[in-house]
Amino acid sequence: VREFLILIIIVVLTSITYYFIEPFAHSEMHKSFPSKHFKYADLPAMQYKGDPVKGKALVMGAGACTGCHSIEVAGIKPSMTPLASAQAYGVEAPDLSDAGAVYDAKFLAAYIADPAKAMLVADKYGPNHPFPMPKFYGAGGNIHQEIADMVAYLQSIAVPKEKLTPKLAFETACGRCHAVHYENWTQIGQTPKFKHRVDKLEFDSKVLQYQTLLKKHLGSLPPDLSMYIRSRGEHFISTFVEDPQNYLKGTAMPRTGVNAHAAHQVVAYLENAGDPKKAERESLGKYVMIYFIIFVLAAYLWKREVWKELH
Amino acid sequence: MAHFTKATSVHDWLNQRLGIDAVRRVMAKEYWIPKNINFLWAMGMILAVMFTLLLVTGLFLMMYYQPNVHTAFDSVNNVIMRQVPYGWLFRNIHAVAASTVFLIIYIHMFTGIYYGSYKKGREMIWISGMLLFVTFSAEAFSGYMLPWGQMSYWAGMVITNLFSLGSLHANGLVEWIRGDYVPSQAFLNRFFALHVVLLPLAVIGVIGLHFGSLRIPHVNNQEGEEIDFEEEAKKYKSGDKKSSKVIAFANDFLSKDMFVLSVFLLFFFWLVFYHYEFALDPINFDPADSLKTPTHIYPEWYFLWSYDILRGFSANIGLIAFAFAQVIFFFLPFLDRSPNAVPARRRGLFFVWFWLLLFDMIVLTIMGKLPPEGSFRTIGIVAAITFIVLWILLPFITKSEKKV
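Listed in order, the protein sequences are those of chains A and B. In terms of the working numbering, the numbers along the first sequence are unbroken and rise by one, the last being 311. In terms of the working numbering, the numbers along the second sequence are unbroken and rise by one, the last being 1404.
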């Protein structure tokens, strides 16, 4: 009985100390925002149903998207390397093949109408430092209908939801600004295997040049995200991606406008980069627990056997 | 030279040369422990097992770790955590053991204080135990530098800065400790050397001293009763185990130890697999950056109470208070002036002193982690002053104690 009392006192004191130095202290030190489930409530709802056929004509023609963007699935190859693109715009102009699968439709519409505003970075740009992508001022018809058509077209060519892999989601939404060197990802793409040292130096030089341009464009180089799943955690990452201004007022990181599924896939990609042994850990853990439960029982029986003679 | 005969078995061969029967008798079969004990008496065994785990996992981690400021972080987080098979397991065990070992050390210490196990011939047990606490602390701190993350770097910066605070500023002590003006390659290398060679050797040496210091005064018991070990051992050996007040180390004491150990290990491995975050601070998963100070810098939880005593005051007074907190526990056997070596529960005011000290250290630990602002700061200062006052009061409280 006394032993149980001692155990209870130890457990209670340890738990109190733990509560205050871990969950409580961390909640005092780091603010946390609840997820808004990627609803983007501040953006206007889509009023028109888009027509992908008309959208295609706009994207290829009057919308002038393909002047800067490639759309590989539609046969429009990039006219520039990532580095040349960054030299022209500060950051590589993305390929639009899978934009419809990664970004929220409402966000895409708002983005086409006013990119910097939709990304919540309008204050960073002005006449002397314009946002690289111009606003869409309409092609002569109802501008809202035209935007809805273009969004519908982008959604029609993008990979279906179940084929949006974590890697594809990450590369489309984050990969032009963030490196993940544990996955050999650089801002200009996956690091290839090199046969000759000179090829590696050439590639590294391109990455460095790209990073320098990016740094000039954004003010600082976006961090490598290799260990972010461990240093920030899933909740921080997904709520930060949803609205970066929440945590870091004035940050150059734009709201990317990813939809809930794409955000989930991005987190999965980072989990695989920073904590790839999670599944192994959890499955091995079960067996180790079972082993020690048996150990406890065996040790108890042994103790009882030995002490029978002593009491 | 001794006379050797043709051995009849491997056992006999070894016995003639090494005296293994005698060793077994002295170390296990006839090493007497009081019977009147509770599970708190198993903490020593748990600590021995934890230290072994740390040693073994540490050895394997060292096979892949690179003590270089450019590669240290990735050798831990990429090579060990992602590439080496079960590297993550070794690191998790190492990190969780390094943290829980201090929980058990504190339980072990407060058990000693509660039952008066530092008095009447047991002073050296206490002092060698405190030496172990200090070497373990140094071992923990030096190990925390090695992953070279943000918290490694900045905790290293802040703690070594102690040696440049106040009046210590003038003599270049901090540069001598760091080997540079800021933590850098020289700093990482020397903490690596300390962590993997000098300090583990010191720990092993002091463990030997700690065990040795138990031999003559024997282990204390739950009631602080003075036992005639020879008389009781005779009773035990004659077969009257039931009324004897002593038990043999093996298998009597060992079986109880193993049971307590098994329960602890179940809890420990649950932490290792499912709840290791408390031992692997998130901020340390950002690589060290000398240009980016983290908003909150704090040591691991087991240093928080003394850290809070340090930061409660201005530089010079804080340093003195910190130094006081570091050494005062060593003097416990001499500050306790009471003639009684019995559990605190039977010692009147000392019982109150014991719980006040324990609660005060928990409060200090909590305030040491929280940002020192507003009421947290005030509570921290009050708790720091309380800590010092409690130790100053100890001789007076115990002097007035009546013999029980």
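No lab work stands behind these hints: they were computed from the structure. A few of these clues could be false.
[What the hints assert, rightly or not] Cβ-Cβ distance ranges computed for the label pairs, FRET-style:
1. A:Tyr19 - B:Glu1231: 47 to 53 Å
2. A:Glu3 - B:Gly1208: 46 to 52 Å
3. A:Tyr287 - B:Lys1006: 22 to 28 Å
4. B:His1070 - A:Arg304: 23 to 29 Å
5. A:Arg2 - B:Leu1018: 38 to 44 Å
6. B:Val1023 - A:Glu282: 22 to 28 Å
Given the structure is predicted, the values throughout are model-derived calculations rather than measurements. Using N, Cα and C, we set each Cβ at its ideal position, and we do this for glycine too.
Results of checking the hints against the structure:
The hinted range of 47 to 53 Å is satisfied by tyrosine 19 (chain A) and glutamate 1231 (chain B), whose Cβ atoms lie roughly 49 Å apart. Separation of glutamate 3 (chain A) from glycine 1208 (chain B) is about 30 Å and departs from the stated range, judged on CB atoms against 46 to 52 Å. A C-beta distance of roughly 49 Å is found between tyrosine 287 (chain A) and lysine 1006 (chain B), which places it outside the suggested range of 22 to 28 Å. At roughly 56 Å, the beta carbons of histidine 1070 (chain B) and arginine 304 (chain A) sit outside the given window of 23 to 29 Å.
Taking the beta carbon of each, arginine 2 (chain A) and leucine 1018 (chain B) are about 42 Å apart, inside 38 to 44 Å as hinted. Against the hinted window of 22 to 28 Å, the Cβ-Cβ separation of valine 1023 (chain B) and glutamate 282 (chain A) comes to about 44 Å, which falls outside the hint.
Hints 2, 3, 4 and 6 from the list above are not met by this structure, while the remaining hints are.
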